[in-house]
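Construct all of the structure, not just a fragment, from the sequences and the given hints.
Position 209, counted from 1, in the sequence shown is what this note's numbering calls 209; the numbers after and before it change by one each time, with no gaps.
No lab work stands behind these hints, which were simulated from the structure alone.
Idealized CB from N, CA, C, for every residue including glycine.
Hints are supplied without guarantee of correctness; some may be wrong.
Calculated cross-link-like contacts (lysine-lysine; reagent style DSS-like; alpha-carbon spacing at most 30 Å) [said to hold, decoys possible]:
hint: 1; residue 1: K128; residue 2: K307
hint: 2; residue 1: K539; residue 2: K562
hint: 3; residue 1: K821; residue 2: K875
hint: 4; residue 1: K930; residue 2: K842
hint: 5; residue 1: K330; residue 2: K452
hint: 6; residue 1: K821; residue 2: K852
Label-pair restraints from in silico Cβ distances [as the list claims (entries may be wrong)]:
hint: 7; residue 1: S781; residue 2: P524; range: 25 to 31 Å
hint: 8; residue 1: E341; residue 2: T658; range: 52 to 58 Å
hint: 9; residue 1: P894; residue 2: Y639; range: 47 to 53 Å
hint: 10; residue 1: I554; residue 2: S610; range: 20 to 26 Å
hint: 11; residue 1: Q668; residue 2: Q709; range: 25 to 31 Å
hint: 12; residue 1: Y639; residue 2: S781; range: 29 to 35 Å
hint: 13; residue 1: I751; residue 2: D536; range: 34 to 40 Å
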Amino acid sequence: MSSPLQRAVGDTKRALSASSSSSAGLPFDDRDSNHTSEGNGDSLLADEGSDFEDSLNRNVKKRAAKRPPKTTPVAKHPKKGYRVVHRHSRKKSEPPANDLFNAVKAAKSDMQDSGDYPLTAPGPSWKKFQGSFCEFVRTLVCQCQYSLLYDGFPMDNLISLLTGLSDSQVRAFRHTSTLAAMKLMTSLVKVALQLSLHQDNNQRQYEAERNKGPGQRAPERLESLLEKRKELQEHQEEIEGMMNALFRGVFVHRYRDVLPEIRAICIEEIGCWMQSYSTSFLTDSYLKYIGWTLHDKHREVRLKCVKALKGLYGNRDLTARLELFTSRFKDRMVSMVMDREYDVAVEAVRLLILILKNMEGVLTDADCESVYPVVYASNRGLASAAGEFLYWKLFYPECEIRMMGGRERRQSPGAQRTFFQLLLSFFVESELHDHAAYLVDSLWDCAGAQLKDWESLTSLLLEKDQNLGDVQESTLIEILVSSARQASEGHPPVGRVTGRKGLTSKERKTQADDRVKLTEHLIPLLPQLLAKFSADAEKVTPLLQLLSCFDLHIYCTGRLEKHLELFLQQLQEVVVKHAEPAVLEAGAHALYLLCNPEFTFFSRADFARSQLVDLLTDRFQQELEELLQSSFLDEDEVYNLAATLKRLSAFYNAHDLTRWELYEPCCQLLQKAVDTGEVPHQVILPALTLVYFSILWTLTHISKSDASQKQLSSLRDRMVAFCELCQSCLSDVDTEVQEQAFVLLSDLLLIFSPQMIVGGRDFLRPLVFFPEATLQSELASFLMDHVFIQPGDLGSGDSQEDHLQIERLHQRRRLLAGFCKLLLYGVLEMDAASDVFKHYNKFYNDYGDIIKETLTRARQIDRSHCSRILLLSLKQLYTELLQEHGPQGLNELPAFIEMRDLARRFALSFGPQQLQNRDLVVMLHKEGIKFSLSELPPADSSNQPPNLAFLELLSEFSPRLFHQDKQLLLSYLEKCLQHVSQAPGRPWGPVTTYCHSLNPVENTAETSPQVLPSSKRRRVEGPAKPNREDVSSSQEESLQLNSILPTPTLTSTAVKSRQPLWGLKEMEEEDGSELDFAQGLSLMEEDEEEELEIQDESIEERQDTDMQASSYSSPSERGLDLLDSTELDIEDF
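Right, here's the structure in full:
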């Protein structure tokens, strides 16, 4: 496999094999150090049209004239005889200077033809190229460090070649040579470090030998040590000269390169230099480059900066040299905690942890308070890092775990109490979040041992003389439940993202052990906790949820049945005492877990359940008789009946209560509510739910076995009767009753839809139910009255009011989703979807995702029918607006402009499949033209038809048409208009607008080279010209581009000369603003914007690869700071 770079390397080798001494005359000394940022090294940004061969030619001539006669190109103090040998070698081989340039030119030409090069080329053969290439450079220096490295010839040529190539405009040259130069520099740093160690050893040996007595001292040994020291010093100076040449010739210019990969390489390597050779490189003059690059716009560069700093701050011996840098860039490092890239933010938090550990007092309280809110971040990696920071800042100094014998000693109870008190104080006083589960999850990785100390938690809760407030008790209970759930399940809280797919075998074993430990400890204590907090619904709910974290087999294996009896007693008391939905749901679920036939204690749990349901049923029967016999109930009686119904409803949801026969009494109650209206809504709501669950449990029994025809008929009658009751409740005066009836009715209709016979259940066909037209219309009317209403504005300052509005919005979204499911599953007529689609644009922020998904699914079911529904939606909106305002000035109303936006969204929903949608779009246009001319004005009137403005809505679909179809539609429109009387010379505006949208000129952007710069012209014209004359898809993309980019040259009103339709030409001259308005409307759709962004990025990438001269030609652009930050002068340090 031969790549352009391989061919270039081959040519370069042939050129170097002849001789390379001409390139060896490129000195890299310190004479240009004060002008590095302005001189030759910045030719990438400063030299217009320059390239490697030109700059190298100039450098050879310029530097050769200034070269001192007795100095090496790199070393400051050459060895004796070194210059003589070098001079003779130059006389022996004097190559033609053009061979190297010709090789580079050939490689440059190949790189222009191919955009890929080994460092970026795809395919498995290039995946490990970069690592192998870097290993080659390291091995080269390692093998040459005792011989060729100090000869002055090969290293000078190599450094000259890499420095020149790194200054090239060809990305492949610049990227590859910069990587090689930085890895070469890293290897030289390691050699310099070894030389420094050898010098120290030599100095110690010399001092030891000199301190010996006159009789023991060896003069020859001293002389050899002096010679060795001199040689080491010369080698050190030569290495430093090479490093100085690479740093000032490559790094100083490439750390600000336009390519982020090159900048990342530079920052990564300078971090390695500072860590390995801190004596020379860990100074403020080098640290400033990392500080400046912390503001880089690209994620990879910022990440390399933070990782480099982590290596420095992680070494306590180096932190003393970082004080000035820390004071200058601390604010930036703290602010990177909120970086938009999660991995950068995670590394920034870990960097602050190292600063917190190794530099005491540097981070102020204000700095730490910037990190604390991150413990509640949605990304678990970031939250865990912030939790570790919180642990080291607040908890570790007070609750340090000492190590003894290599193992962790168990903490004292006092230390654990201190830990939980600090945790409570932080959560309650910070007021950053309402749920402690997220805080527990953030601290789990670093403080899991403390959080799993359930003995200390329960002792704090059960302590009689505790000084905990109500909020602190609730928080401590939530911490207990969260830690138990985290230990037993291993899942993060809802909404927190984790990248892990599963647990390892070791983690599963730990999880099982923690579950057993948790169960054994809490089974005896859970009844006590319930007894203490049974009066508080907020506290008893999470305690009941603890049962889902237990290994319930321990009730049997551990002989803990007596504690099960105590728990069942407390559960019954809690259920009888409370009527809150959360408490009842938690209690029903806990009892459901215990009533598993697999457990040996199932009979006890089932008996407790029967006893509880019997108690609730008897109460319900007594209270129901009082309600049916009397016409008035006081508040206490209403509350008791509603509470009993709520308890039964909660348990009916989790348990089969069919044998208690609650359907008939509940139906009597609902029938009385419908007939008389005397039943309070607090009673109606749970009664509706009870009947609903009764029908579902009956269906479950029938589905499991072959049911008789009588059973099917009985269930169908019950279902139909309940649907009629719900339909009657849709007109109830109470909003909650209406919404509850709508939700239950939509779910029931969906369950008994034709989908229920799928999967071999054809015997359920008699249960399939289709709603009548009256019920369908009532459901649609309910949707209009309760869902598509204007809500209040959020952010008014009242948090409670905002919370209520958000809850109401969630309820409305639930109602809309239920209606849309009925549409998609064929329960309702699909034409009813027009009532939903016509609100797509107006309620996009609230229901846009639901409506868009419904539209997508409807198109998958029937594309043609979906297109007709879209047109029907526009017709309905237009008719409503016409009836309200009349035909005069209709297209100038704000509501009409919103309709145009809606039509634009509908047009974008067809997607890029132009050929697949061709017939549908043409059909839509024809039906729209018929509708616009369906009502004609009187014969003696010159007024336009009342529906004619509908053509302006149709114009939004014109970009989806082929060129041939546009011509046919123009002829069709002209034929239709022949039957309409119109005053001559007075064309109608909607007709003109629609004709413009069908005009082929609309698909062509006529630009003027004098007005539009070349770079902008490339961006508009695209990467390549079309190969065919008639490419309708590219014309449509050009039209979309015209509407998005409001460039003056793209909104030209120039029209090719053709026969005008109904005075089109005159209208063009008189009212051009209308055309500009039609062209200038923006296509506000996310996929279109992403398409344009991808186009822009691909064009910029192609320009960089192909070496567009305009990228480097503008002096103002050359001076831009790519890091988006103010540079820090060396004097600031």
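Right, here's what the structure says about each hint:
1. K128 - K307: holds (23 Å)
2. K539 - K562: The hint holds at about 24 Å.
3. K821 - K875: holds (24 Å)
4. K930 - K842: holds (26 Å)
5. K330 - K452: violated (36 Å)
6. K821 - K852: holds (13 Å)
7. S781 - P524: 25 to 31 Å: About 58 Å separates the Cβ atoms of S781 and P524, which means 25 to 31 Å is violated.
8. E341 - T658: 52 to 58 Å: holds (56 Å)
9. P894 - Y639: 47 to 53 Å: holds (50 Å)
10. I554 - S610: 20 to 26 Å: holds (25 Å)
11. Q668 - Q709: 25 to 31 Å: holds (27 Å)
12. Y639 - S781: 29 to 35 Å: Roughly 33 Å apart at Cβ, these two residues keep to the hinted range, so it holds.
13. I751 - D536: 34 to 40 Å: holds (38 Å)
The structure fails hints 5 and 7 (numbered hints given earlier, in ascending order).
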